[in-house]
Structure formats: structure tokens, C-alpha cells
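Trainee: Letter by letter, the chains look like this.
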Amino acid sequence: MLLQEHSGLVYRVALRILGAEDAQDASQEVWIRVWRNIKNFRGDSAFSTWLYRITINTCLSVRRKESRRGEREYGGDEMPFLPEPPGGDADPEAAALGTERREEIQAALGHVRAEHRAALVLRHMEGLSYTEIAKVLEVPDGTAKGWVSRGRAAMLIALAEEDHGRRGAGGTTG
Amino acid sequence: MTPVGEQHWEMLERIGAYAAGELEGEEAREVEQLIFERPEYRRLAESYARMLVMLTTLGNEPVEAPEAVVGYAIRRAYISAFVRSAEVFVGALGRSYLDAFVYYLGLRRESYGGGT
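Protein chains in written order, with the numbering used here: chain A, 1 to 174; chain B, 1 to 116.
No lab work stands behind these hints, which were simulated from the structure alone. Please read all numbers here as calculations on a predicted model, not as lab measurements. Check before you lean on any hint, since a few could be wrong.
[Said to hold, decoys possible] Just some of the chain A residues that point at chain B, by a computed CB distance under 8 Å:
1) G8
2) Y11
3) R12
4) S27
5) F47
6) M79
7) T99
8) R101
9) G127
10) S129
11) R150
12) L159
[Said to hold, decoys possible] Restricting the straight-line Cα-Cα distance to at most 20 Å, the calculated cross-link-like pairs of lysine to any residue (SDA-like) are:
13) A:K145 to B:E10
14) A:K135 to A:S48
15) A:K39 to A:L3
16) A:K39 to B:F82
17) A:K135 to A:H6
18) A:K135 to A:L9
19) A:K145 to B:I79
20) A:K145 to A:H116
21) A:K145 to B:V90
22) A:K39 to A:R64
23) A:K145 to B:F36
24) A:K145 to A:G127
25) A:K145 to B:F82
26) A:K145 to B:L23
27) A:K135 to A:Q4
28) A:K145 to B:V31
29) A:K145 to B:H8
30) A:K39 to B:L23
31) A:K135 to A:F47
[Stated by the list, open to error] Computed, partial: chain B to chain A, Cβ under 8 Å:
32) E30
33) L34
34) S47
Glycine residues also receive a C-beta, built at the ideal position from the N, C-alpha and C atoms.
Same shape as in the complex, but just chain A (with noise of 0.2 Å):
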């Protein structure tokens, strides 16, 4: 049942940052790690932290095993915006479920630097602390906070380029 239950933070979090294709073999990557390391584990974090950290590092070695994919720099001219949603605001989550916009945001994901990434996912889909983010990355809290605020401004540009690209090519919002 615990196995299960961290089975499912491991590979949530690798599909976040990886993407479904690389998720599952990454899953098990991780894996093969924490067996291997868990006589190291002492206890002075929670497990939790110490899993996160063994994912993270395992999905951001994957990634650098890639051909480095930069993150979208401010090249353009404008400000990013996202129209606003069909329904307008009144309903956002039922404008942020589309399977659409899911793969807008898993494919914006994909142009945001794999640290900054890491560290947007923890914060705003994990809904960790930047004291518990700093711990996973094994960075400065600062340095976690500057990651999260790059991340979610990438994050933003990407997403707005991706709606402007749809939007361009005759797509429809949703």
C-alpha cells in the first residue's frame, strides 16, 4: 500500500516533468535508486523529500542525456496573455480541464529549463514549500524561489506562444 502510494508520487512527477513517453522508464529508474540507496536514507528529512530528490535527479539526468532543449527566452516583442477561457473566469477549472489545454501545458512544460521545471512543478503542482523545494533540489532557498519565479514567467511565455501558434493555425481555444 505505501509502495503504491509513492509509486504514484513518482511517476506523477516524472510525467510532469518528462512527459508521458519518458515517465514510465524513468518511474523505474528511480526505482532501481531508491533500492539501491536506501540504506543511506537516515531519516534526517522525511521519505517524501528523500523520494522527491531521487525523482527529480533521476528525470533531470534523463533530460540532460538529451539534446538540450533551451528555454523560450524573451526573442519575441510582446507581453505574454492568455485569452481569456469561452466560459470566461467565472469557471476556471472547467477552462483548464480540456485535454487540449492539458497537452499546452505538458508541451509548454517541455520549453521551460528542466531545473526551473522541476522546481515550478514542486511548487505549484506538488503545492510544496520553497523550504521543502530547496531540500528536494539541494539548492539555497533562495535559489529555489528564483527558480520557481523563472520558471512560471517561462512558463507563461511558452504557453501564450503555444495558444498564439494554435490560434495561428486556425485552432480553436478550449
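Here the structure of chain A is known, so what remains is to put chain B in place on it, guided by the hints.
Mentor: Using the frame of chain A, we list chain B on its own:
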């Protein structure tokens, strides 16, 4: 749409922090003032808010690990437990053989239960 450059990156991050509810006191009031005065900043804050709702909503969705992943994790647990037990067993066996060999060569004068 409003032209922006490198110098606006900081503003982009500040409005992001404000939208995430991470600014307090004077800093928050400054950004509120900017949002009030500049429609493009207001729109930016709204865009951030939309994006953060999407991320949180997606993050709150339950994600089940595929059976293959759970099965793999369980198999690795068994393998790991087996390897650890094997390490202990082989280590103990090796030490016993070494002790016996040392005793056989007469390098250590110890009695093994005989008391002679």
C-alpha cells in the same frame, strides 16, 4: 500587445510572484498600483492567475502509476531484500571460513569449545 524587452523580465517575474500570492507589504502594494495603472500589467496578472489555476488543477488530479511501474517497484523491493540477505549470509560464511582457515593454519591459538 505591448512591446517588452529584457528589462521587463523582472516585471514579468514580479507580477508572477504577485499572482501567486507571494508578495507582501510594500512590494505587493507597488505591484497592485502598477496593475491598477497599466492595463497590460493587469492582463498579465490575469494570464498568470489563469495559468496557475491550470497548473494547480492539473496537479490536484489523481495520477495512478501504471501497473507495470508498481509491479516493478515491488519486484525491486524483493530483489533488494534478497540481495541484502545474500550479502549478510555470504559475509558471515566468508568470515567463518576465514576463521576456520586461520585456526587450521595455527595462526590463532583459540579453543573452539573443547576447552583443552
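Trainee: Hint by hint, say whether it matches the structure.
Mentor: Results for each hint:
no. : hint             : in the structure
1   : G8               : 5 Å, holds
2   : Y11              : 4 Å, holds
3   : R12              : 4 Å, holds
4   : S27              : 5 Å, holds
5   : F47              : 14 Å, violated
6   : M79              : 5 Å, holds
7   : T99              : 12 Å, violated
8   : R101             : 7 Å, holds
9   : G127             : 7 Å, holds
10  : S129             : 11 Å, violated
11  : R150             : 7 Å, holds
12  : L159             : 6 Å, holds
13  : A:K145 to B:E10  : 14 Å, holds
14  : A:K135 to A:S48  : 11 Å, holds
15  : A:K39 to A:L3    : 17 Å, holds
16  : A:K39 to B:F82   : 14 Å, holds
17  : A:K135 to A:H6   : 18 Å, holds
18  : A:K135 to A:L9   : 17 Å, holds
19  : A:K145 to B:I79  : 39 Å, violated
20  : A:K145 to A:H116 : 10 Å, holds
21  : A:K145 to B:V90  : 49 Å, violated
22  : A:K39 to A:R64   : 27 Å, violated
23  : A:K145 to B:F36  : 26 Å, violated
24  : A:K145 to A:G127 : 13 Å, holds
25  : A:K145 to B:F82  : 42 Å, violated
26  : A:K145 to B:L23  : 12 Å, holds
27  : A:K135 to A:Q4   : 24 Å, violated
28  : A:K145 to B:V31  : 18 Å, holds
29  : A:K145 to B:H8   : 19 Å, holds
30  : A:K39 to B:L23   : 41 Å, violated
31  : A:K135 to A:F47  : 12 Å, holds
32  : E30              : 16 Å, violated
33  : L34              : 13 Å, violated
34  : S47              : 4 Å, holds
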